[in-house]
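Below are the chains, spelled out letter by letter.
Protein chains: 2
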Amino acid sequence: MKNVEILDSTLRDGSQGEGISYSVQDKIHIVEALDELGVKYIEAGNPGSNPKDMEFFQRAKELKLKTSEIVAFGSTRRRDCSCAEDANLQSLLSAETKTVVIFGKTWDFQATEILHASLEENLEMIRDTCAYLTSRGRNVIFDAEHFFTGYKANAEYAMKALEAAVVGGATVLCLCETKGGAMISECAAAVKAVTEKFGSAVKVGIHTHNDSGLAVANSLVAVENGATHVQGVLLGFGERTGNANLSTIIADLQLKMGYKCIEDDNIRHLTPICKRVAEITNIPLDTGMPYVGQNAFTHKAGMHIDAVLKNPFAYEHIEPETVGNERVFLMSEVAGRSMIIEKIQKFDSTITKSSPIVSDIIKQVKELEHQGYQFEGADGSFELLVRKAIGKYQPFFKLHYYKSTDEYPLIEKGLYSFAQIKIEVEGNTRLAAGEGNGPVNALDVALRSALKKFYPTVEQIHLTDYKVRVLDSKSATASKVRVLIESTDGSSTWTTMGVSCDVVEASWLALVDSFEYKLIKDIEKKYQKLI
Amino acid sequence: MKNVEILDSTLRDGSQGEGISYSVQDKIHIVEALDELGVKYIEAGNPGSNPKDMEFFQRAKELKLKTSEIVAFGSTRRRDCSCAEDANLQSLLSAETKTVVIFGKTWDFQATEILHASLEENLEMIRDTCAYLTSRGRNVIFDAEHFFTGYKANAEYAMKALEAAVVGGATVLCLCETKGGAMISECAAAVKAVTEKFGSAVKVGIHTHNDSGLAVANSLVAVENGATHVQGVLLGFGERTGNANLSTIIADLQLKMGYKCIEDDNIRHLTPICKRVAEITNIPLDTGMPYVGQNAFTHKAGMHIDAVLKNPFAYEHIEPETVGNERVFLMSEVAGRSMIIEKIQKFDSTITKSSPIVSDIIKQVKELEHQGYQFEGADGSFELLVRKAIGKYQPFFKLHYYKSTDEYPLIEKGLYSFAQIKIEVEGNTRLAAGEGNGPVNALDVALRSALKKFYPTVEQIHLTDYKVRVLDSKSATASKVRVLIESTDGSSTWTTMGVSCDVVEASWLALVDSFEYKLIKDIEKKYQKLI
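Each protein sequence line maps, in turn, to chains H and P.
Sequential numbering of the first sequence, starting at 28, is according to my numbering.
Sequential numbering of the second sequence, starting at 28, is according to my numbering.
Honestly, the hints are just simulated from the structure, not real lab data.
Worth double-checking, as some hints may not be accurate.
You can't tell identical chains apart in this list, so a pair holds if it fits in one copy or across any two.
With a Cα cut of at most 25 angstroms, we get these calculated DSS-like pairs of lysine-lysine [claimed, not checked]: (1) Lys302 with Lys415; (2) Lys507 with Lys67; (3) Lys548 with Lys480; (4) Lys440 with Lys430; (5) Lys206 with Lys287; (6) Lys302 with Lys91; (7) Lys494 with Lys302; (8) Lys219 with Lys283; (9) Lys393 with Lys91; (10) Lys79 with Lys125; (11) Lys283 with Lys125; (12) Lys552 with Lys283; (13) Lys287 with Lys302; (14) Lys440 with Lys425.
Produce the complete structure using the sequences and hints provided.
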């Protein structure tokens with residue numbers, strides 16, 4: 028099995044993506060996650076460009092990593108000074124990483140038009156910088172910026188630039204497809220030419236962008252043509268259309284093409300680690316991302332579901348567990364009945380495919396979906412819907428009213444919202460108040476306070492996630508919203524939903540479903556033998 | 028220039044994606060958009076599987092399309108009946124399309140294990156169905172389901188299945204990579220074998236899925252190996268990880284590889300048409316989507332921006348206008364000063380790169396970004412921030428207080444929220460009330476009512492978009508939210524933002540910025556010569 032070393036640039040090139048911004052603490056957490064996955068290099072920033080990166084490298088010195096090595100990134104020295112005088116290079120050295128990545132120009136146009144250096148000067152800058160850093164004990168990876176565009180424009184010069192890096196002592200020549208415009212065959216031919224010329228002296232690497240939708244493909248093709256170092260970003264984000272998605276590349280190389288990028292045993296952590304990185308980054312993990320997305324093994328079409336139930340191999344390219352993901356079945360108007368039946372039978376095993384109640388439920392689901400409900404993500408609300416339909420439901424309380432108020436200026440620091448609610452349980456009414464830093468928070472407190480006398484276990488409920496989706500954002504502040512709430516009681520987790528044009532009411536509906544779901548589960552557990 | 032015909036399956040395979048559901052009217056609108064783009068075929072559904080699809084085909088008969096042809100999709104006849112007796116095939120015929128797509132099994136395992144047919148029976152089903160539909164005057168495209176898996180498992184049988192379709196009269200053999208698991212070289216070899224064997228008699232097509240991140244790459248490679256018919260989904264959505272993204276494929280083939288898929292003149296409509304399709308589908312268009320995403324030509328890193336300002340060719344693989352997209356510059360902590368300067372100079376041309384105020388503004392932006400603000404998407408709020416920093420701002424009113432209330436049960440149908448606000452303008456206080464179907468709506472009404480006496484032009488403001496993003500969703504109902512509001516006064520459009528743990532306060536802040544921005548622009552226009 029051939030080895031391919033992985034350099035993850037989530038913290039450097041990835042952080043160029045829109046809306047992505049890491050604190051120093053975030054960076055540390057991401058380094059820990061990537062180390063757990065076991066990539067060889069973690070490119071963590073440019074200590075010369077920004078003080079936050081510098082602070083990170085100071086703190087990173089104390090990290091004890093199992094597998095990965097943190098590397099710093101910088102550019103070749105400026106045209107008009109020596110390496111020793113170049114402030115950015117000095118910052119790079121002060122990061123004290125064993126390995127550094129240096130990017131330089133290999134496209135003649137860039138050297139002359141952007142750097143305003145002569146072609147020979149640019150070669151000297153590359154040679155000098157690599158030699159200087161090598162002499163200071165650093166292992167140097169040379170990022171050949173715009174290599175593919177340069178190779179197309181002036182192959183001889185692009186090769187000379189690589190040679191300058193090799194002469195300077197670089198151990199990896201990483202060919203960067205900076206503009207993301209190269210087609211597969213172009214990329215293959217250029218990598219082949221470089222590995223033929225330099226492959227015996229140094230490692231050849233690949234760094235691609237997704238502007239033509241080919242970042243993954245070009246990385247794989249580079250490996251097939253001799254590259255043994257692949258740079259990318261675990262979740263594929265980055266400037267413009269993003270960097271090469273390493274979660275896809277690692278899985279493709281290791282599960283399908285016979286290369287080894289990380290320890291075999293770590294592949295099954297791929298999905299949970301990707302989820303963690305998305306969370307630290309504070310972006311939703313693309314549900315359709317290959318291998319690790321929530322829908323990567325999700326089946327909706329009726330025909331497919333029937334076949335997958337018969338044999339998963341029929342519609343899955345790998346077993347979801349291999350990468351730590353899982354199989355999911357969704358409802359929809361084209362879904363066969365088999366999956367809805369499967370869900371219904373969980374709480375009533377007497378219902379079969381031909382029971383008339385199944386059509387009723389499907390009809391109701393469609394009607395609610397039309398209003399903006401989306402049961403695919405809300406198992407708790409779906410169970411309540413089915414229970415109501417089959418008569419296995421009774422309300423736990425009656426709402427007389429709720430009232431929620433927001434005021435500004437604040438009466439007390441942090442106190443934005445007030446709620447009042449009146450409920451009735453078996454003839455007893457109860458009035459309760461809540462306050463909080465938002466209307467939903469205040470209603471949650473009030474409802475809990477009103478119910479706890481009757482149902483003490485509501486205090487176990489902890490809300491763990493809250494999402495708001497504006498459904499028809501074109502009608503602006505009068506738009507319909509869907510609120511999803513994820514709750515846990517420590518042992519299990521459920522998601523409920525509410526839809527309304529009023530965000531407060533939508534939240535209220537999701538909240539009530541969450542409380543009722545919990546209370547039903549408690550009764551099920553308590554009277555397990557009776558029901 | 029070689030022609031490649033495109034079949035878009037947004038309405039059939041695409042609609043299998045999670046959260047995607049079209050009304051008949053939506054389908055009509057998508058057909059119109061795709062016809063404008065000029066794809067050859069629009070696969071619009073399976074009339075036998077679902078009554079909504081049937082209704083669509085009835086209505087579609089009246090559509091007058093310029094370029095595209097609507098096609099219906101169905102499967103080979105059932106094992107145990109003739110084509111004339113097969114209800115699905117009869118539905119397919121009643122759709123009265125000139126062309127039909129028929130999918131059949133070409134993987135031996137699927138024939139025996141999923142259909143429970145013998146290998147010979149399955150071949151008869153393919154042959155019969157194609158022959159029957161051909162005899163009824165239909166042009167038949169044969170979708171060879173699971174072809175690549177089948178070819179790997181039993182190449183001889185997979186080829187026999189294709190032959191059965193050719194004998195039955197199919198004019199296109201579309202090879203489907205149903206599980207999305209094939210690597211590039213596998214895909215290339217199989218397509219090559221098929222084009223060598225059948226390419227002189229029929230067209231060869233390709234239909235891929237993105238489970239290995241290679242849907243686009245495998246489609247392009249298939250074309251390079253002789254395929255002249257490409258199936259996919261304009262925006263790439265679909266079951267699991269999605270279908271091949273046609274917006275990327277069309278741009279790659281036509282702008283870079285010398286093939287013709289649609290009229291040259293239509294390529295520049297690609298981005299607007301993709302936006303329209305996303306809107307009809309009610310999904311956000313992936314901002315990082317190649318060619319058509321909002322960030323496809325967006326530049327953030329300081330160094331890149333300097334270079335792009337010097338010469339766009341330095342960091343862009345094509346000109347954004349070619350595909351109807353546009354160049355955007357973003358702010359961020361690594362952004363060079365040049366871009367912030369450029370924005371600042373719009374309203375104060377005396378400020379230069381070295382003005383101390385620039386550092387102050389950058390510091391403030393960083394501080395606010397730390398709190399959850401994100402100026403990248405909120406030009407209006409950014410301008411107000413800069414104006415406040417450079418002293419080109421004065422408040423238009425003073426807020427004494429606002430109070431917003433939500434009540435349930437409703438007092439009046441549709442009336443969820445009430446707002447009361449007290450403001451002061453030049454010593455005159457004004458109390459106003461608002462009501463609406465949500466707290467933001469009610470506050471908007473109240474604020475407008477309070478201000479209009481002093482500033483009549485606030486009535487021109489129309490809120491056109493409203494977004495809520497939960498920032499740290501792990502603290503659940505006490506999370507911080509960012510609200511973005513897009514406003515227009517008919518002639519220009521601006522976006523403003525508010526951040527708070529209270530969704531009502533966040534909306535209020537965005538609302539106030541929107542009103543102030545409008546009032547500043549009015550004054551600028553009125554006193555243009557004086558300022």
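Hints numbered earlier in the text: which of these fail when held up against the supplied structure? 1, 2, 9, 11, 12
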